[in-house]
Amino acid sequence: MVDKARKIAKEEHHFEFFGPYGPALLVIVLPAVCYALILGCNKNSCLQLWPMLKLSSFDVSIKWYSWDALLIYLAWFFGLAFLHVVLPGQRTEGVLLPNGKRLAYKLNAFRLFVLVYGAAFYFGFFTEYLNLGWLYDQFAPLLTASIIFSSSLSVYLYVSSFQKGLLLSSHGNTGYPVYDFWMGRELNPRLLGGRFDLKEFCELYPGLIGWALLNLGMAHKQLANHGSISNSMVLVNAFQLYYIIDALWCERAILTTMDITTDGFGFMLAFGDLAWVPFTFTSAARYLVDHPQHLSVLGLVLVLAVKALGYYIFRGANSQKDMFRSNPNDPRVAHLRTLKTERGTSLIVSGWWGTARHINYFGDWIMGVAWCMPAGLAGLSAVVPYFYCIYFAALLIHRERRDEHACRQKYGKDWDKYCALVRYRIVPYVY
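Be aware that the sequence shown starts at 1, since it is given in the UniProt record's numbering, and climbs by one per residue.
Honestly, the hints are just simulated from the structure, not real lab data. All of these numbers come straight from a predicted model, not from anything done at the bench. Even glycine gets a Cβ: it sits at the ideal position worked out from N, Cα and C. Among the clues, some could well be false.
[Unchecked claim] Now the in silico label distances, taken between C-beta atoms and shown as ranges:
{"id": "1", "residue 1": "Ser170", "residue 2": "Ala119", "range": "37 to 43 Å"}
{"id": "2", "residue 1": "Glu342", "residue 2": "Phe123", "range": "38 to 44 Å"}
{"id": "3", "residue 1": "Asp330", "residue 2": "Val430", "range": "28 to 34 Å"}
{"id": "4", "residue 1": "Met258", "residue 2": "Gly89", "range": "32 to 38 Å"}
{"id": "5", "residue 1": "Asn318", "residue 2": "Arg423", "range": "44 to 50 Å"}
{"id": "6", "residue 1": "Asn225", "residue 2": "Met258", "range": "37 to 43 Å"}
[To be verified] Pairs of lysine to aspartate or glutamate residues, derived as DMTMM-like cross-links and limited to a Cα-Cα distance of at most 20 Å, are as follows:
{"id": "7", "residue 1": "Lys43", "residue 2": "Asp137"}
{"id": "8", "residue 1": "Lys101", "residue 2": "Asp263"}
{"id": "9", "residue 1": "Lys410", "residue 2": "Asp259"}
Please take these sequences and the hints and turn them into a complete structure.
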């Protein structure tokens with residue numbers, strides 16, 4: 001019966017991530033990448049590709065695990081969860097689920113961020129009570145703690161998903177254990193009688209706020225080591241802090257994303273939210289602790305110009321789409337040419353969305369490049385600080401392919417017509 005169910009699932013399901021057994025490799029490789037970034041760039045040296053390949057010197061003194069780090073991480077996660085439950089927040093409902101119900105959500109991510117980040121900033125920089133540089137010193141043990149916790153959480157989520165009466169995700173209910181463990185079987189796992197949504201909490205609270213605090217810790221450590229904070233460190237913190245604040249301020253927007261509405265909660269999201277995001281996206285700031293860069297006026301102008309260009313494309317494209325969806329007769333978008341589909345909807349084929357089917361991804365990626373540039377304008381002379389924009393390019397291509405598959409199923413032949421009119425996927429005239 002199991003083999004028959006798997007055969008049916010394989011025929012009917014569109015498997016991602018290298019097929020039904022591919023996630024077995026990813027569960028090993030992704031944590032290894034996190035550790036490789038630490039080995040590849042440390043206080044001794046950093047991996048270089050230009051002008052010649054130069055491997056970094058391994059720091060044999062790195063401590064990969066400590067009880068202090070594990071206890072601090074557990075206190076961090078459960079402390080945030082406690083604050084999320086007890087502090088006031090906006091009440092709202094999510095999208096309509098396949099079972100015809102809507103879940104209630106409590107939104108207070110931005111309030112928690114202001115409280116936690118504000119306290120850390122004050123006590124870390126203006127008093128002697130909090131040593132934020134400890135986050136740099138214990139970076140590897142904290143990473144290990146996050147991997148242990150996210151892996152344990154994933155096992156719990158997988159085992160508990162076999163209870164009766166739960167709403168399962170179609171993406172993670174295939175009958176292939178490894179694939180389902182990765183994708184997540186249960187759509188919206190909840191605790192405390194349904195009042196605490198695990199997935200929505202992990203998507204924003206510990207990972208994003210933790211990312212901001214790790215960056216702050218890197219700035220504090222640079223100040224302690226060198227007596228000042230470089231303008232490049234300020235830019236990295238400012239650029240990424242803006243992104244984090246925007247996500248937390250617009251917490252309600254996440255309720256309509258595929259992560260919440262479609263994907264289950266498994267290792268992919270648990271590890272990604274709790275370990276991958278905070279401990280890989282801080283690569284540029286961590287690099288700057290030991291390799292401070294002071295950008296010239298020209299360098300500052302160049303970095304800000306790249307950031308502004310990315311933001312102009314990203315915000316312009318998204319605003320145009322949002323205005324059209326809200327009111328197609330708005331004078332600002334009424335001139336746009338569209339393709340009428342058999343579903344009765346219209347696809348924009350001019351303006352920003354006539355240049356590429358995911359032009360907003362291109363702008364988003366350019367902003368990601370600007371995040372990395374303050375760590376050194378020499379580009380490939382230091383690889384690890386540029387990890388984010390390299391990874392982000394791969395992520396956006398995967399996301400575009402995923403969207404492409406969904407849209408082709410949704411629109412059928414109309415999607416072929418649309419692709420003939422808007423030929424490029426992300427980068428106009430290139431891809």
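#### Entry: List of violated hint numbers, smallest to largest
Checked against the structure, the hints that fail are numbers 2, 4, 5, while the rest are satisfied.
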